[in-house]
Structures are given as C-alpha cells and as structure tokens.
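With the hints as your guide, set chain Y onto chain B.
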Amino acid sequence: MKTTRIALILAALAILAAVPWFGSDVLVQFGINALLIAVLAQGWNIIGGYAGYASFGNSVFYGLGSYGVAIAMVQWQLPFGVGLMFGVALAAVFAVLLGVPVLRLRGHYFAIATLALAQVMTAIVSNVKLAGQNIGLVLPPLNNDPLFYELSLGLLVLATLTIYWLTRSRFGFGLIAIRENEEGAAVMGVNTTLYKTLAFALSGIFSALAGGIHAYWVTFIDPESAFDIGLNIKMIIMAVFGGPGTVLGPVVGALSLSAVSEFLSSEITSLAGLFFGAVVVAAVVLMPRGLADMLRRFRSMGWRYFAENIRSHRL
Amino acid sequence: MTAILEVSHVTRRFEGLVAVDDVSFALQRGEILGVIGPNGAGKTTLISLISGTLAPSSGDILFEGRSLLPLPVYRRARLGIGRTFQIMRPFPGLSVLDNVAVGALFGRGGGQAQLAKARELARVQLDFVGLGKNVDQRADELGGPGRKRLELAKALATQPKVLLCDEVMAGLNLVEIEEVIEVIRKVRNEGISVLVIEHVIKAIRSLSDRLLVLNHGVKIAEGDPGSVLSSQAVIEAYLGKRRA
Numbered sequence: 001m002k003t004t005r006i007a008l009i010l011a012a013l014a015i016l017a018a019v020p021w022f023g024s025d026v027l028v029q030f031g032i033n034a035l036l037i038a039v040l041a042q043g044w045n046i047i048g049g050y051a052g053y054a055s056f057g058n059s060v061f062y063g064l065g066s067y068g069v070a071i072a073m074v075q076w077q078l079p080f081g082v083g084l085m086f087g088v089a090l091a092a093v094f095a096v097l098l099g100v101p102v103l104r105l106r107g108h109y110f111a112i113a114t115l116a117l118a119q120v121m122t123a124i125v126s127n128v129k130l131a132g133q134n135i136g137l138v139l140p141p142l143n144n145d146p147l148f149y150e151l152s153l154g155l156l157v158l159a160t161l162t163i164y165w166l167t168r169s170r171f172g173f174g175l176i177a178i179r180e181n182e183e184g185a186a187v188m189g190v191n192t193t194l195y196k197t198l199a200f201a202l203s204g205i206f207s208a209l210a211g212g213i214h215a216y217w218v219t220f221i222d223p224e225s226a227f228d229i230g231l232n233i234k235m236i237i238m239a240v241f242g243g244p245g246t247v248l249g250p251v252v253g254a255l256s257l258s259a260v261s262e263f264l265s266s267e268i269t270s271l272a273g274l275f276f277g278a279v280v281v282a283a284v285v286l287m288p289r290g291l292a293d294m295l296r297r298f299r300s301m302g303w304r305y306f307a308e309n310i311r312s313h314r315l
Numbered sequence: 316m317t318a319i320l321e322v323s324h325v326t327r328r329f330e331g332l333v334a335v336d337d338v339s340f341a342l343q344r345g346e347i348l349g350v351i352g353p354n355g356a357g358k359t360t361l362i363s364l365i366s367g368t369l370a371p372s373s374g375d376i377l378f379e380g381r382s383l384l385p386l387p388v389y390r391r392a393r394l395g396i397g398r399t400f401q402i403m404r405p406f407p408g409l410s411v412l413d414n415v416a417v418g419a420l421f422g423r424g425g426g427q428a429q430l431a432k433a434r435e436l437a438r439v440q441l442d443f444v445g446l447g448k449n450v451d452q453r454a455d456e457l458g459g460p461g462r463k464r465l466e467l468a469k470a471l472a473t474q475p476k477v478l479l480c481d482e483v484m485a486g487l488n489l490v491e492i493e494e495v496i497e498v499i500r501k502v503r504n505e506g507i508s509v510l511v512i513e514h515v516i517k518a519i520r521s522l523s524d525r526l527l528v529l530n531h532g533v534k535i536a537e538g539d540p541g542s543v544l545s546s547q548a549v550i551e552a553y554l555g556k557r558r559a
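Residue numbers (our numbering), protein chains in the order written: chain B, 1 to 315; chain Y, 316 to 559.
Simulated from the structure, these hints should not be mistaken for laboratory data.
Mixed in with the good hints there might be a few duds.
Partial list, derived from the structure: chain B residues whose beta carbon lies under 8 Å from chain Y [as the list claims (entries may be wrong)]: (1) Gly174; (2) Ile176; (3) Ala186; (4) Thr192.
A few chain B positions that, by computed beta-carbon distances, are all more than 12 Å from chain Y [claimed, not checked]: (5) Phe30; (6) Asn127; (7) Pro146; (8) Val218; (9) Met294; (10) Gly302.
The structure presented is a predicted model; accordingly, all values stated were derived computationally and were not measured.
Every residue, glycine too, gets a C-beta built ideally from N, C-alpha and C.
If we strip away everything but chain B, and leave its shape as in the complex, we get:
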C-alpha cells in the first residue's frame, strides 16, 4: 500500500518533470502558472491548513518575493538567486514583525487584519522609488520556459516535502494542536506564539519564492499585480478544495482547478468568471474538509457523505 503510493507519486512526478520535452509551449506556460499557484496553496496550507489561521496576507509575501527579485536584478544588477534570497528575507522579516501582533487575533479577526495588509502594501510600494513606484519594474528577460518550469516544479516538491515533514515532527504536531485548540495546546507546553510566527514565516517563504520565480518569468511587475488579493483567494480555494491540513490535497486541488479554469477560459469564456465562485460554494457546502477527506470517506459512506455535510451546516 505504502510502496505503491510512493511509486505512483514518483511516476506522476516523472511525467510532470518531462512535460517540457513533449508538451507544447502553451502547455509549459500553463504548467508554470499551475505549479506556482500549487506552491502558493501549499504555502498557505502551513498557516491555514495546519496552524488553522486563515491568512489573507500570503499575497503580500508573494509580492515581497516578486519585488525582492525585481529590485535586486533591476536596481542592483545582482543575479536571480541573490534576488530570490532577498525576497525570502523580506518575507521572513515581514512575517515576524507583523505576525507577532496579528497572530494574536483569532478566526475572522485574523482574516480581516491580514486582508488589509495587501491593500496597505500596494499603497506603500506605489510610493517607494526603489520599487519603481506605481509604474513597476521591468526585469531583464530570460527566454527559457523549460527552466522556469523545472524551477517551479522543484519548488513545489520542496514545499510538499516540508509539509510531509510537518506531519511527523514535533513542530507539525504543535501546529495541529494550535489549530484544534489553542488553549489546550498551551497548557500542554506548546509555545503557541513562537510556533504560529514560525508557521507564518515558513508559509511566507514559499509564497515569496513563488513570487520571485514568477516575476523573473513574466519580466514585469507593478504593485497591483504583485499584491493581488485575488491570488490569495485563489490559493485558499485551491487548498481548501483539495484538503487543508493534508500533504497532497492542496497540490491536487491547485493542479485540477487550474486545469479546469484554463479549459473554461479558453472554451466557454462566459462561464469562466463564475467558476471559482461555484467551486467555493460547492466545496464549502458539500465537502468542507476537502477532496482528500471526501475520497477517503466517500468509499465507506457513499452519497450520505454529502448529505451529512449539508446537515452539519444546519441550513
């Protein structure tokens, strides 16, 4: 059972890695976008899925990662790798500085507070000369989609391995305990403030890396696109649809939803805008614990699974 599972995952990974050799340019470009958003969903999974803090601030980390790369490459003529590290450092500092006060809030209040962060960052960055103000920055182009594709895939693997480590480490158990019952976790000796801040930072680091790769790939960023709150909503939908707090759920959610969304926007344009809204409603009402939980329990419960979820909302 376990070995077949690992074999399947490795096979899927090998096929994904080979896409640039057999796929069209369009497929590779779609792949880069889908893989990066899967990284974002996986990053959100750490703070939202494991620690239970629904962050709307992860697009800020994404933006900081983008600007880290852009500023380092454009303003300081540094290599891409240094830019990525600069973005990561920005995200980590931001996570600690803002995480400490904001992570004291719980539930909706935390969500609202982080929602405001993205707006604030857009306004701030629009006025920073180093960041090109509201005009943005144009990066030196690198026309090598297969490279960006493999980079994104590598990052997704790294993020997923990190989450796998969470499920069997003291740190991960501490986060789950915080999610399930924060006061109960503290009286058992979990340093909740430290753990939440570390989770926020780790989550932010992956978002920043994704943002950095994306910025170099599209070669242009401005405050509006870098700190796009819509991106944050997308990563949440994907993580929640796939299964928050699971190792592979967010990846499956992100890749499958990206594929459907891409198909709709090219085939039935008028319906594409509705798609994510419909997914949210369906996911929340029918399978609030995500695809992973549904696949696990549908086998034993059948259609009763959905009925039970609807009932538990007391609609």
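Only chain Y this time, still in chain B's reference frame:
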C-alpha cells in the same frame, strides 16, 4: 511534608465581580487536595490562575519556591504543571493516541522530540487511564466519560509534578467515578501532587487528604475532609442558613 505549590493572597477580579478573593493555601508534595464549593465559587478560576490561562489581579503563586506569575502558560507546563479542563479541550481531528502524544512531545522539560517515542509514552498513559482500547479512534468519537479520561491522559503525558483536575468526575455515573478516583490515587502514588476540583462531594471526600472550601471566591474552610464537611460555614454555604 513540604509545599510544592503555594498560593498566597491571590485575588482575581472580573469587572466588579471578585471571582477569587484573597485566597491562600499550599499544596503539599504527594498530597491530594480537594477544592469544593457551590457553583460560581471561583474554583475553575483558581485553576486557571495557577496554570496561567488567567493572570491574578494581585497576590503571588509559587511553584517549588519560585513565582509563576512572570511565566506564560507553556513555560508553566514545561516546569511541570498539568491541568485538565472542565469543558474538555481535546484535539478533535486527531486520534486519541496523537492527542496524548502532543503532551509527550511537549510537556515538562520540553518533552520528547521523537514522534515514535512520544506515541509509545502516550500508549502507556492511555492504558493507565483505561483508554488503551481506544487509541485509534478519533478524539471526537469518544463519549463524555472517555473524553474525561482523555483529558487526564493528555495532562499526565506532559509528565507533570502537579496535576490540576477540573471536575473530572462531573457527568459520570457511580462506577465511572469510582474508576476515575482509582486513577487519581494511582497518579498520587507515582509521586504527583494533585489538586482536584469537584462538585460531587461524596467522591471527593473519600479521595482527598485535605479539603479546601470556596464560597463566592473566599476560602471559608480548610482541613481534613470530615471536620470541614461538618463545619457550620460549609453547611450554610451549600444548604443556606437554617431559619430559626
């Protein structure tokens, strides 16, 4: 006997209400101290003040001679203060085993870093409280009595020196109460000092070495169970004054 925990002149106010009013007492090493009192007497507040989920308005709490007040909740747990909650706080999405393993992973001295070892310790604690057969269940699948035991196992897995039990017998039937009493006696025999808050007077009378009675946040009696329960002040607190 020496005191492991000293509560001295502790007061806690909630906007106008004094939940705990200048209460002082000591928990001796290896003793079972029962705290009783009518509803709203301040019993749970007292436990929260010791475990750190609430801060006292004034007074001091010493653990092994050292003030606990500057320490956050998790640091107190790492020193060896374990507590259960009256309103149980299991981690519902985790298995019973992993609920308890969290205690072993953290807990006194920082806990056990290895998950496999923590689970082993958790298994021992679950056997100890009589939940050995339920290890693989999800915590939210347990019934009320099971959850009470789970609360105990979680607190014990942190390897406490002092165990604070908040109404672990409430809602249990007589047989179950007897079993929990047995568990708490075994806990004491392992050298852990226990403070038990209880509503069920009969149960606590046979269990406690000493009793402390709170009423409206004030300590009205302290001493051996027999004489405390027959004292006039305690009878009045529970039953009201006899009208002449």
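Each hint tested on the structure:
| no. | hint | result |
| --- | --- | --- |
| 1 | Gly174 | holds, 7 Å |
| 2 | Ile176 | holds, 6 Å |
| 3 | Ala186 | holds, 4 Å |
| 4 | Thr192 | holds, 7 Å |
| 5 | Phe30 | holds, 35 Å |
| 6 | Asn127 | holds, 39 Å |
| 7 | Pro146 | holds, 39 Å |
| 8 | Val218 | holds, 39 Å |
| 9 | Met294 | holds, 15 Å |
| 10 | Gly302 | holds, 20 Å |
Of the numbered hints stated above, none is contradicted by the structure.
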